[in-house]
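Colleague: One letter stands for each residue in the lines below.
Number of protein chains: 2
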Amino acid sequence: MKAPIDFYFDFSSPYGYLASTKIDALAAKHGRSVTWRPMLLGVAFKATGGAPLPSIPLKGEYAKRDFLRSARFYGIPYKQPDPFPVSTVAACRAFYSLSQTDDRAKLARRLFTAYFVEGINIGESPNVLKIAGALGLEPDIESQAVKDGTRAEVEAALAKGVFGSPYIIVDGEPFWGFDRFEQIDRWLREPF
Amino acid sequence: MKAPIDFYFDFSSPYGYLASTKIDALAAKHGRSVTWRPMLLGVAFKATGGAPLPSIPLKGEYAKRDFLRSARFYGIPYKQPDPFPVSTVAACRAFYSLSQTDDRAKLARRLFTAYFVEGINIGESPNVLKIAGALGLEPDIESQAVKDGTRAEVEAALAKGVFGSPYIIVDGEPFWGFDRFEQIDRWLREPF
Numbered sequence: 425m426k427a428p429i430d431f432y433f434d435f436s437s438p439y440g441y442l443a444s445t446k447i448d449a450l451a452a453k454h455g456r457s458v459t460w461r462p463m464l465l466g467v468a469f470k471a472t473g474g475a476p477l478p479s480i481p482l483k484g485e486y487a488k489r490d491f492l493r494s495a496r497f498y499g500i501p502y503k504q505p506d507p508f509p510v511s512t513v514a515a516c517r518a519f520y521s522l523s524q525t526d527d528r529a530k531l532a533r534r535l536f537t538a539y540f541v542e543g544i545n546i547g548e549s550p551n552v553l554k555i556a557g558a559l560g561l562e563p564d565i566e567s568q569a570v571k572d573g574t575r576a577e578v579e580a581a582l583a584k585g586v587f588g589s590p591y592i593i594v595d596g597e598p599f600w601g602f603d604r605f606e607q608i609d610r611w612l613r614e615p616f
Numbered sequence: 425m426k427a428p429i430d431f432y433f434d435f436s437s438p439y440g441y442l443a444s445t446k447i448d449a450l451a452a453k454h455g456r457s458v459t460w461r462p463m464l465l466g467v468a469f470k471a472t473g474g475a476p477l478p479s480i481p482l483k484g485e486y487a488k489r490d491f492l493r494s495a496r497f498y499g500i501p502y503k504q505p506d507p508f509p510v511s512t513v514a515a516c517r518a519f520y521s522l523s524q525t526d527d528r529a530k531l532a533r534r535l536f537t538a539y540f541v542e543g544i545n546i547g548e549s550p551n552v553l554k555i556a557g558a559l560g561l562e563p564d565i566e567s568q569a570v571k572d573g574t575r576a577e578v579e580a581a582l583a584k585g586v587f588g589s590p591y592i593i594v595d596g597e598p599f600w601g602f603d604r605f606e607q608i609d610r611w612l613r614e615p616f
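From first to last, the protein sequence lines are chains A and B. Counting in our numbering, the first sequence runs without a single skipped number right up to 616 at its last residue. Counting in our numbering, the second sequence runs without a single skipped number right up to 616 at its last residue.
These are computed hints drawn from the structure, not numbers from a lab. What you are looking at is a predicted structure, and each value in this text was computed from that prediction instead of being measured. Some hints here could point you the wrong way.
Stated by the list, open to error - For lysine-lysine, the following DSS-like pairs were computed, each having C-alpha atoms within a straight-line distance of at most 25 Å:
{"hint": "1", "chain 1": "A", "residue 1": "488", "chain 2": "B", "residue 2": "470"}
{"hint": "2", "chain 1": "A", "residue 1": "446", "chain 2": "A", "residue 2": "503"}
{"hint": "3", "chain 1": "A", "residue 1": "470", "chain 2": "B", "residue 2": "470"}
{"hint": "4", "chain 1": "B", "residue 1": "554", "chain 2": "B", "residue 2": "571"}
{"hint": "5", "chain 1": "A", "residue 1": "470", "chain 2": "B", "residue 2": "488"}
As the list claims (entries may be wrong) - Listing some non-contacts, in silico: residues in chain A with all C-beta distances to chain B over 10 Å:
{"hint": "6", "residue": "449"}
{"hint": "7", "residue": "493"}
{"hint": "8", "residue": "494"}
{"hint": "9", "residue": "567"}
We treat Cβ as the ideally placed atom computed from N, Cα and C, and that holds for glycine.
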């Protein structure tokens, strides 16, 4: 059994969302599973001096156009959310409070769809809890243990060098961006 | 006759170099020509708050790995230059001092190869002049007219929203990055 591939993302990241719709099939094609690992881009930005795309002159305007165009190019449903970006701390905590891998991935997919297709503000805790509840899940976003555990996951991601979203690690090889999926596909067949 | 596509780049940009090896063939496939337009990333960074990739924590280390891996993926010769990045003011001036489009593109290709394959420091004016001379070209990098003309080109690029390298504009539609070539290919067939 080959090792799972690590899929790091921020719940508020458009390219993270686009990647989330394709990552499982890409991995499965090569007999791999995926470990979903939400992180907080804001924390990474503190390390790299980065900023949310919409806030950057010139690049921000381009990015908004590129989100939509990339979604059309790949045939992925996408509606630019507003507000954007939002805090994804509650979503992250809800995710990591669940113990089952399958439940985590199920919640993550649903949160992405809620935000990037249905326009539900997943930056608001009640919305996160409602979405989880509709899936029959009962995440905990308030306990100190969950808060600490989430912080530890985010710090572990940073320690792995994760500075953007999506960020995929295959057998130690890092790939940043949905636009590296072709390279990941070849790498999973054979490192080059 | 369809309009040429605009190819903006910085001579010190790895992804600009990778794009330069494929852009003419991509355009020709769709009956288009390419207008090569070197710019100065440093000037764009002043507008966006950006910085050269190698200077950014985490992202810089990743970028160096990605330059090499992307070159291998596409089968493009690449040797990480040192020093990197370098000032490309002299290269830009030499380019814009030439009046013929063909001479410009010929010099640009040769400068990219010199820097990214042969390890010649094109940040040094004498090297730029020597490379041009070997092609039978006699660029002027000292006259005030050329300096002013180059500055005007760089400012015009910024006014068009060019914040990165490579940056390609097809009939008004902007594409940033070598990793958007597939989207450009489809757009040239039919806007989507």
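Colleague: Next step is simple, just say for each hint if it's right about the structure.
Modeller: Evaluated hints:
{"no.": "1", "hint": "A/488 - B/470", "in the structure": "holds, 21 Å"}
{"no.": "2", "hint": "A/446 - A/503", "in the structure": "holds, 18 Å"}
{"no.": "3", "hint": "A/470 - B/470", "in the structure": "holds, 20 Å"}
{"no.": "4", "hint": "B/554 - B/571", "in the structure": "holds, 19 Å"}
{"no.": "5", "hint": "A/470 - B/488", "in the structure": "holds, 21 Å"}
{"no.": "6", "hint": "449", "in the structure": "holds, 18 Å"}
{"no.": "7", "hint": "493", "in the structure": "violated, 7 Å"}
{"no.": "8", "hint": "494", "in the structure": "violated, 7 Å"}
{"no.": "9", "hint": "567", "in the structure": "holds, 31 Å"}
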